[in-house]
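Heads up: the sequence lines are chains X and L, in that order.
Residue numbers 0 to 99, in numbering that gives the first Met the number 0, belong to the letters of the first sequence in order.
Residue numbers 0 to 463, in numbering that gives the first Met the number 0, belong to the letters of the second sequence in order.
By construction, these hints were calculated from the structure, which means they are not laboratory data.
Fair warning: there could be bad hints in the mix.
What the hints assert, rightly or not - Calculated lysine to aspartate or glutamate pairs in the EDC-like style (CA-CA distance at most 20 Å, straight line): (1) X:K95 with L:E458; (2) X:K96 with L:D299; (3) X:K97 with L:D451; (4) L:K461 with L:D451; (5) X:K97 with L:D332; (6) L:K122 with X:D3; (7) X:K96 with L:D451; (8) X:K97 with L:E362; (9) X:K96 with L:E375; (10) X:K95 with L:D299; (11) L:K122 with X:E1; (12) X:K96 with L:D298; (13) X:K96 with L:D368; (14) X:K95 with L:D451; (15) L:K417 with L:D368; (16) X:K96 with L:E416; (17) X:K95 with L:D379.
Stated by the list, open to error - Computed beta-carbon distance windows for the label pairs: (18) L:A174 with X:I13: 44 to 50 Å; (19) L:L272 with X:R89: 49 to 55 Å; (20) L:K122 with X:N60: 39 to 45 Å.
All C-beta atoms, glycine included, are put in the ideal place defined by N, C-alpha and C.
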Amino acid sequence: MEIDPFIFRLSIFILSIFVGYYVVWSVTPSLHTPLMSVTNAISSVIIVGAIIAALSGSSENIFENSTIFGFLAIILAAVNIFGGFLVTQRMLQMYKKKKK
Amino acid sequence: MSANLSAIFYLISGILFILALRGLSSPETSRQGNYFGIAGMIISIIVTFLSVGNFGPGFIYVLVFLLLGGSVGAFIAFRIPMTAMPELVAGFHSLVGLAAVFVAISAFLNPEAFSLGMVGNIKLASLIEMSLGAAIGAITFSGSIIAFLKLRGIMSGAPITFKGQHLINLLLGLAIILLIYYLCISQSSNIFWSLVLISFIVGVLLIIPIGGADMPVVISMLNSYSGWAAAGIGFTLENTALIITGALVGSSGAILSYIMCKGMNRSFFNVILGGWGATDQATSGQAKEQKPVKSGNADDAAFLMKNASSVIIVPGYGMAVAQAQHALREMVDSLKKNGVKVSYAIHPVAGRMPGHMNVLLAEANVPYDEVFELEEINNDFANCDVAYVIGANDVTNPVAKSDPQSPIYGMPVLDVEKSKSVLFVKRSLSPGYAGIDNDLFYRDNTLMLFSDAKKMTEEIVKSL
């Protein structure tokens, strides 16, 4: 019997939860705010779905029902990607060690 | 690009995202980590373009919209003041949630594009995955909007509760499950739209009963939800990068919620069901006898600290509100010139989001190796001459250790009262968020400094 590909994805998902669990516990508490902003930025990788949706229209009719939602999602995710990574960078730049 | 090759690239992006989080284990590696994250994102986007392979006019529009959103995001990222980070993060969460809803909607309207079947005949598993993604995304969106409004002060931070609230939430939760069930049977678009609508309502109802100071839990929780929504969409699109990221973000938010709840000694459900401040205010208001309080001015404070050998600063949300972090750094600089050893003590739930105080202090150029967490520094109060409490209240209340009747009993607190003297900057004697009188105000070794946090700190700088 063949294994449904869904099971493979489920395995990746569950293993990633474990990876996430151990990686996040090792994050130093002083960086919890950058952690939130960077997780926010990376979860915007949902933009891949938005791109597929936006490009699914025909060349005569770029904006139809389903592609419009794709384009809207691209804008939202792009705000997050640029905003999330840049604000994280800005914060991390401020963390400095004592000058000796 | 073949499906197998793009799947491998998506896996690489997923690994880069893991490394991005891994980098945050120390400030030195964190900047590099952020670059890993950016690289992962760029790979994902390029691979998606190549695997769709449609470089017609639609592609130009995609780039335009990408840059449009990107420039808005970049503009916000550069302009936002650090004190507004909590509401920025809440706002960003709402965008992830809404993006998930939109992707789910377009997958529902045009399943062929994602090879999920045909309209009216979508694969069962895909239908469940996309409706879960849409529902969690919608809850994340409307919940984050409420959190944003509360943090921004547009909406009152007070909990909004009404009779039968929990029952309504329960019924709506059941309705979501039923709708998903019927959606799978009928594939009707009306049911899909009702599902999205009800989820929006649930998001609002879920966050309105939660008070302002519980926001660290709420933000972490919404962070977690946005991850699960992304994972749901990842399953629909059969995209590994999205599944890995969703799992990472989901567990990250869940861990942060746990840390925040532990910092308040409350269970997650206790926070979510809301209304802490609302239920306890009545009891604390009555028992207000006049107790003697010692109060002083900036000169007294300056004198005490100048002659101390070690000072511990305890910042709280009030410091953020008053924007006192820069003045505070100046004060510490002049103390250090006088040979005083200064460190900072941060309670896990100080501020409105995890790590809020650390970012503000970093902004004011406080080196991070002078800033300590509760467990690291709590024993040092006994050997310290002056504790300078600025904008914190409940997290220093010794009642949490001594009075089992108190609502905050058992909450880990900073042992401020053990230092030789305590300087407590506060505008008045009013109780803190939890509505509990702070025993510390009436101790012999406490000197109250009644003023705005920033003004008082600036005055102390002058007298130093």
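Hint check:
no., hint, in the structure
1, X:K95 with L:E458, "violated (27 Å)"
2, X:K96 with L:D299, "violated (32 Å)"
3, X:K97 with L:D451, "violated (29 Å)"
4, L:K461 with L:D451, "holds (15 Å)"
5, X:K97 with L:D332, "holds (12 Å)"
6, L:K122 with X:D3, "holds (14 Å)"
7, X:K96 with L:D451, "violated (30 Å)"
8, X:K97 with L:E362, "holds (14 Å)"
9, X:K96 with L:E375, "holds (18 Å)"
10, X:K95 with L:D299, "violated (32 Å)"
11, L:K122 with X:E1, "holds (18 Å)"
12, X:K96 with L:D298, "violated (31 Å)"
13, X:K96 with L:D368, "holds (6 Å)"
14, X:K95 with L:D451, "violated (28 Å)"
15, L:K417 with L:D368, "violated (23 Å)"
16, X:K96 with L:E416, "violated (29 Å)"
17, X:K95 with L:D379, "violated (23 Å)"
18, L:A174 with X:I13: 44 to 50 Å, "violated (28 Å)"
19, L:L272 with X:R89: 49 to 55 Å, "violated (36 Å)"
20, L:K122 with X:N60: 39 to 45 Å, "violated (26 Å)"
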